[in-house]
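Asks: Okay, here's what each chain looks like letter by letter:
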Amino acid sequence: MKKNIAIIGIGSTPFGDLFSYSYDDLVREAATAAMKDAGIGPEDLQAAWLSTAFPEIGVFKGRSGMDLAEPLGIFGIPVTRVSNFCASGADAIRNAANALAAGECDVAMALGVEKLRDRAPQDSIVKMMVELSHPFYQKGFTAAGTFAVYANRMMHEYGVTKEDIASVSVKNHFHGSMNEKAHYRASCTIDQVLSSPMVANPLTLMDSCPTTDGAACVIMVRAEDVDKSKHKPINIDGIGLSISTGWDLPFFDSGHDFLSFQATRDAAAIAYRQAGITKPFEEIDLVEVHDCFSIVELITYEDLRLCKAGESKELIRGKATQLGGEIPVNVSGGLLSCGHPVGATGVRMVVEVANHLRGQAGERQVKGAKRGLTHNIGGPGAIASVIILNNEH
Amino acid sequence: MSELKTYNIAFPKFRVSGQVLHPRLGKKSQQTVCYVDEDLLTLSFRAASQLVAADCEPDAVLFATSSPVFQSRYHASFLTDLLGLKQGILALDVISTARAGTDALLLADKLVNSGQYNTILLIAAHVDFPPAGLEYQHSFGHAAVAMIISKDKGLAEINSSESYSSSLAEEFVYKGVKTNYDARFSRSAGFMTNMTDAWKNTDPKPDQIQHLIINSPYARMALGMVKKSGFDTDKQLLKDSIMPVAGHTGACHGFLQMISAIENCKGSALLFDYQNGTNVIGFSIHKNPDESKLSRLHFTDISCYQDYLALRKQGDFKDDAYQPQEMFSSEMMMEREKDQLMYLNGQECTSCHAVYLIKTIRCHHCKGTDFTVKKLATTGTVYTLTAEHYFPASFPPVHMVVIDLDGGGRITVQQTDNMYHDDENRLNIGDRVELVYRSMMENDKKPNYFWKCVKLAQ
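For the record, the sequence lines run as chains Z and R. Residue numbers for the first sequence follow this note's numbering, beginning at 211 and rising by one. Residue numbers for the second sequence follow this note's numbering, beginning at 205 and rising by one.
Incorrect hints may appear among the rest.
Claimed, not checked - As a list, the in silico SDA-like pairs of lysine to any residue whose alpha-carbon atoms are at most 25 Å apart:
no. : chain 1 : residue 1 : chain 2 : residue 2
1   : R       : K563      : Z       : H466
2   : R       : K649      : Z       : K246
3   : R       : K650      : Z       : E341
4   : Z       : K337      : R       : M623
5   : Z       : K246      : Z       : R432
6   : R       : K571      : Z       : G465
7   : R       : K563      : Z       : R432
8   : R       : K578      : Z       : W457
9   : R       : K563      : Z       : K372
10  : Z       : K372      : R       : P600
11  : Z       : K337      : R       : M537
12  : R       : K649      : Z       : E341
13  : R       : K579      : Z       : G589
14  : R       : K563      : Z       : A330
Said to hold, decoys possible - If you want a taste of the chain R side facing chain Z, the calculated C-beta under 7 Å gives, among others:
no. : residue
15  : M396
16  : A558
17  : Y594
Unchecked claim - Over 10 Å on every C-beta distance to chain Z, these chain R residues come out as not near it, computed from the model:
no. : residue
18  : Y385
19  : D407
20  : H490
21  : T588
22  : Y624
23  : L660
In short, the hints are calculated from the structure, not lab data. Each residue gets a CB set at the ideal place from its N, CA and C atoms; glycine is no exception.
The following block holds chain Z by itself, in its conformation from the complex:
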């Protein structure tokens, strides 16, 4: 970042089937927790960004910043809704950081929230793909299928096995068992993953993240404004966001190899350059990646340059990305355990990494973590974000 930005407050709701929460309840709980953590009140906020990706398949809330301002009573300041598919949450943080860096405001909030479980999945996610998307292009896909085509190509090209893919789910569910806010808190075995119902070959139910409700929030200021007597800030070293293809384009452009997400590579290049990272495997202590489907985690190892192309299977087989390994990935349990309230996920990841950098992650704490990375990809591989956080300033 050209100007150092610090996170001084973090908060989140539990993630899950939150039938007792409304959209506004989720906003209030996450925001209140973050503001309390930062030691500020709503009156201290000077600008805010709201991330909700899919108001139209949820509860029609989150179509503008108004749906953040109203439940918090923060009126008279700019509040903006951000929507960038699964990178929405990270993009809210990016916009807040840029506004702080530009001096537009001194205290900013980025909050991600999604209320999906007021509708059955068939009425939300599936219906979106069936009825709301292009009537011909990609008709027949669900979200899982758009990533399953990558899995089959990875298996064909690089010798990735179904067991390798299932191992991601096993690892992340193990991590999720230690996260009190995760949607699913049960460990599982490779056999259980492989024998769970097939969703989109080769991805099974347990290779797929659930639809979930949840919200997460961060309070940000310029690093120079941090009162170190009150806060233990987490600094943002880099934020990269890139749209590198389109929703349909990969499926209609024979130059696309279905082995990599260029958006992740581009976003990582931006973030690494800002953070001065040249050897990510050695310079980063923990990573939260967008494991909406387990194959995405394997591809992302390669796209983040944690390993070379075609070598992701070695990382998962060698347990390098498990808690206690050389570079733990998704110690929160990932999307596979936490679920994926789309607009909230990117912010939830930043909250998770911040907790580790503060040394407050409890049983799943990555020991001595100083630098962490969050990654999101969506649309369904077009848009990616990478955020680098550290606690060393």
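Chain Z is already provided as a structure; the job is to place chain R on it using the hints.
Replies: Same frame as chain Z, now just chain R:
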């Protein structure tokens, strides 16, 4: 004289036997049945598209069927558009009885002979389902035939085309209700009276006409008359070779028998096509085509009546949990983007030759900005794929296939004709596939068609 220059036929992949439709009766019939996403229009398109691609551009299109899907809309115009022919040409529907096919042929012959039209694309199709549970009482079969009638020399010369009306129809539909008379009376006063009239007027001579075709379920009644005129009914009266293979294909049936003669016989022939009147088409076969299409038919047999019911239930998903809504209108999108969606006209980058079906102003690979139109091929190779178990469909899972097309360009489409997910249909990376034009959504009430793919023999 007009000529039958060339032709093509299209049958569905699937076929149901009388044994499956009613095991207790054990009828030996075989009837071709459209797949769940296949209909009169897609079958017609399949039959006609190769002719249009391979031949000169028609200046008229005639469409014949006794099982129309549109009211207040011309099938011929729809198909003209689908085939990429220019609008503003003569495009007529001939929709009445199972005689509609030869009605259209008769009309085409007159139009070409008048000199007003040079090349007429004639399409006949039949897709009709009897009421569920009563299929065994009907001899339906689904098919489409397309032919080019022109002045240019082709496979056969149409040397006569006449029609003889009849006041009496053995059975017909009046205000939605099937009406029929006493069978003996109606066949005698209907078929036999009319056929006799047609026979006398035509006055065929056995030494001039080598082959006879009588397309009617009552053809046996005319045998005496035919013999009396000196014809050898065993040798010269051609047997209906289509019925045992595909069932009665309505407006296509006379054409299919005519095609059977063109593929297998030499000399002159007369086709008597009867239903509530007789069309008599005389034709002389110049040569048998290099490839016999009728002898190369291959079908997949439907194994049980439940499968047949599932296949014919157009409009119903199996997924009870999914309550389908109508998709947003694709009519405007199709009209606007038909160049890509219908005709598969992509863009080719003039510098790096990357091909895009989806419009762009900047090449994603070399950043070039200069493009030429590239017509994408309809055959290609599977690049990657998946089977979608949660997309609502009549026959889940829906197989989604990413295809690199021959000559450049990529498309991603559903696999079809794969009711049975067996080895014959199982796709892998690297397999060869062909694009086919099919109905997109079983639940959608609008005519939403797009490309799907079928596995080619490897």
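Asks: Next, verify each hint and record whether it holds.
Replies: Here is how each hint holds up against the structure:
1. K563(R) to H466(Z): Holds, at roughly 16 Å.
2. K649(R) to K246(Z): Distance ~54 Å between K649(R) and K246(Z) Cα, so the pair is violated.
3. K650(R) to E341(Z): Distance ~13 Å between K650(R) and E341(Z) Cα, so the pair holds.
4. K337(Z) to M623(R): Holds, because 23 Å separates the two Cα atoms, which is no more than 25 Å.
5. K246(Z) to R432(Z): At roughly 18 Å apart (the allowed maximum being 25 Å), R432(Z) and K246(Z) satisfy the hint.
6. K571(R) to G465(Z): Roughly 13 Å between the alpha carbons, so the hint for K571(R) and G465(Z) holds.
7. K563(R) to R432(Z): violated (43 Å)
8. K578(R) to W457(Z): Judged against 25 Å, a Cα distance of about 22 Å means the pair holds.
9. K563(R) to K372(Z): violated (36 Å)
10. K372(Z) to P600(R): holds (22 Å)
11. K337(Z) to M537(R): holds (20 Å)
12. K649(R) to E341(Z): holds (13 Å)
13. K579(R) to G589(Z): Violated, because 28 Å separates the two Cα atoms, which is more than 25 Å.
14. K563(R) to A330(Z): Violated. K563(R) to A330(Z) sits at ~36 Å, over the 25 Å cutoff.
15. M396: Cβ of M396(R) sits 53 Å from chain Z, so the hint is violated.
16. A558: Holds. Min distance 6 Å.
17. Y594: Holds: closest Cβ of chain Z sits about 5 Å from Y594(R), inside 7 Å.
18. Y385: holds (48 Å)
19. D407: At about 56 Å from chain Z, D407(R) clears the 10 Å cut-off, so the statement holds.
20. H490: About 43 Å separates H490(R) from the closest Cβ of chain Z, which puts it past 10 Å; holds.
21. T588: violated (4 Å)
22. Y624: holds (17 Å)
23. L660: holds (19 Å)
Of the numbered hints given earlier, the model fails hints 2, 7, 9, 13, 14, 15, 21; all others are met.
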